[in-house]
Amino acid sequence: MNLTLKIWRQNGPEDKGRMEIYPVQDINPDMSFLEMMDVLNEQLIAEGKDPIAFDHDCREGICGMCSMFINGEAHGPGRRITTCQLHMRSFNDGDTIVVEPWRAAAFPVIKDLATDRSAFDRIQQAGGYVSVNTSGNTIDANAIPVPKTDADRAFDAATCIGCGACVATCKNSSAMLFVSAKVSQYALLPQGKVEAKERVRKMVNQMDIEGFGNCTNTGACEVECPVGISLENIARMNREYLSASLSSAE
Amino acid sequence: MAKSALLGSSLAKKYWMALTGLFLSIFLVAHLAGNLVLLGGEAMAEDFNAYAEFMTTFPVIKIISYLLYASILFHAIDGIMLTIQNRKARPVKYHYEKPSANSGWASRNMAFLGTIVLLFIVGHMATFWWRMKFGEMPIDAAGQKDLYTVVATYFTTASTAWLHVALYVVAMIAIGFHLWHGLQSAFQSLGVNHPKYTPVIKKIGQIFAVVIPALFAIIPIFMFINQ
Ligand code: SF4
Ligand code: FES
Numbered sequence: 293m294n295l296t297l298k299i300w301r302q303n304g305p306e307d308k309g310r311m312e313i314y315p316v317q318d319i320n321p322d323m324s325f326l327e328m329m330d331v332l333n334e335q336l337i338a339e340g341k342d343p344i345a346f347d348h349d350c351r352e353g354i355c356g357m358c359s360m361f362i363n364g365e366a367h368g369p370g371r372r373i374t375t376c377q378l379h380m381r382s383f384n385d386g387d388t389i390v391v392e393p394w395r396a397a398a399f400p401v402i403k404d405l406a407t408d409r410s411a412f413d414r415i416q417q418a419g420g421y422v423s424v425n426t427s428g429n430t431i432d433a434n435a436i437p438v439p440k441t442d443a444d445r446a447f448d449a450a451t452c453i454g455c456g457a458c459v460a461t462c463k464n465s466s467a468m469l470f471v472s473a474k475v476s477q478y479a480l481l482p483q484g485k486v487e488a489k490e491r492v493r494k495m496v497n498q499m500d501i502e503g504f505g506n507c508t509n510t511g512a513c514e515v516e517c518p519v520g521i522s523l524e525n526i527a528r529m530n531r532e533y534l535s536a537s538l539s540s541a542e
Numbered sequence: 260m261a262k263s264a265l266l267g268s269s270l271a272k273k274y275w276m277a278l279t280g281l282f283l284s285i286f287l288v289a290h291l292a293g294n295l296v297l298l299g300g301e302a303m304a305e306d307f308n309a310y311a312e313f314m315t316t317f318p319v320i321k322i323i324s325y326l327l328y329a330s331i332l333f334h335a336i337d338g339i340m341l342t343i344q345n346r347k348a349r350p351v352k353y354h355y356e357k358p359s360a361n362s363g364w365a366s367r368n369m370a371f372l373g374t375i376v377l378l379f380i381v382g383h384m385a386t387f388w389w390r391m392k393f394g395e396m397p398i399d400a401a402g403q404k405d406l407y408t409v410v411a412t413y414f415t416t417a418s419t420a421w422l423h424v425a426l427y428v429v430a431m432i433a434i435g436f437h438l439w440h441g442l443q444s445a446f447q448s449l450g451v452n453h454p455k456y457t458p459v460i461k462k463i464g465q466i467f468a469v470v471i472p473a474l475f476a477i478i479p480i481f482m483f484i485n486q
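Sequences listed follow chains Z and C, in order.
The numbering used here applies: residue 293 is where the first sequence begins, and numbers increase by one.
The numbering used here applies: residue 260 is where the second sequence begins, and numbers increase by one.
A hint or two may mislead.
[Stated by the list, open to error] Within a straight-line C-alpha distance of at most 35 Å, the following computed DSBU-like cross-link-like pairs (lysine-lysine) qualify:
no., chain 1, residue 1, chain 2, residue 2
1, Z, K489, C, K462
2, C, K404, Z, K440
3, Z, K463, C, K392
4, C, K462, Z, K463
5, C, K455, Z, K440
6, C, K455, Z, K403
7, Z, K494, C, K404
8, C, K462, Z, K403
9, C, K272, Z, K298
10, Z, K463, C, K357
11, C, K461, Z, K308
12, C, K455, Z, K489
13, C, K392, C, K455
14, C, K321, Z, K463
15, C, K461, C, K352
16, C, K461, Z, K463
17, Z, K440, Z, K403
18, Z, K463, Z, K308
19, C, K272, Z, K308
20, C, K392, Z, K494
21, C, K347, Z, K489
22, C, K455, Z, K308
Calculated directly from the structure, the hints in this document are not laboratory data.
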């Protein structure tokens, strides 16, 4: 396939950035989108030009590193996939494809299509953990009974790969889907319940500090999330935060 | 905690938006109940006037009405703050976006729809509420302020009556779209989301969003046609 790519180029965080046009030829429809980008980059290197920076790691949909806003959608067209799982057969010969980085104040561009998503790490560090002593006295996982439905819902929440597509796709750049998944995966389990109130307050507070926008329930995040994290998690976080805030002494 | 959890945080904005929004929705029903008396025409004019008198003078209703004004203000200010912060959260816009692929039109245009509704409320209150409370009012046979005649004149005999009706209908359409997203959204914001009940809440919200504004809109149309 022959394609025209319109790609965002930005030399660094301070650069203003611009869209640039790159034609590519003889793309195999069975390539992934990232492999197509590799082909383009090899071409650029051969021409003595600066290759396009983009994030990637596992290339099998589990790490959440690959990003890219493709043709107006996070991770491009198709549902429940990351960019590494997007194949060129989803496009037609002769198409023009627009590729941009995640755009949010909280995810500043490092270079070209690579953004700094460490805001997610700081939210996680603010409360996304369980304080247990793990040295030398490991307890059998089944020692505490957990209802199957709770375990399933906690597991579903825990499948969030922290990719940031929810933020990228939200018209408000809100991180509520991500944070609610992290809040839920602990709040649903007995081990996590102990610190649930403190956790939700700390994580929401950190989310606000990082400069993510406010959720207005458009539901776009749920549609674009590669692992299908549900809006039910946001409702759970809303409940948890409300009760934690009402009952706190501060 | 940096921000007050129940006032300044991102989630606090959700809760207040939802609570005031739900309260305003309930008010719509009460308002509509009174307005429907207008469909009775001249014959029911005195009943309508009695209702209007009751609504503006009964003490309990007065307290509720202050709560109502406060809710409108809070809902609007909350919305403005939200919009400003959300703009700041994405300083560089996308060159190409396909929002219809993942969200509904009403859900993405709540600020725009809300602005239309707010402008309408201001005009609406200036036309009827202000006059009823502070202006010169005709008096009906029972000695009550004759709001019926004021309304009838506005929508039927005034030279721009057709425009009044048209603007009213446009505002009702805006309220309809605003409610289409807003009602079910309020439940989600307050943490009510359940696989069994949420589809029902959504359906009821959508029916409400169509039926209530439609009934409001029918009244001036009916008066205009029947003049
Ligand atoms: S909730 Fe979904 S879209 Fe958001 S970071 Fe997690 S996996 Fe990505
Ligand atoms: S590269 Fe790991 S999810 Fe795409």
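Exercise for review: Provide an ascending list of the numbers of those earlier hints which the structure does not satisfy.
Suggested key: Hints 2, 3, 6, 7, 8, 9, 11, 13, 14, 17, 20 and 22 contradicted; others consistent.
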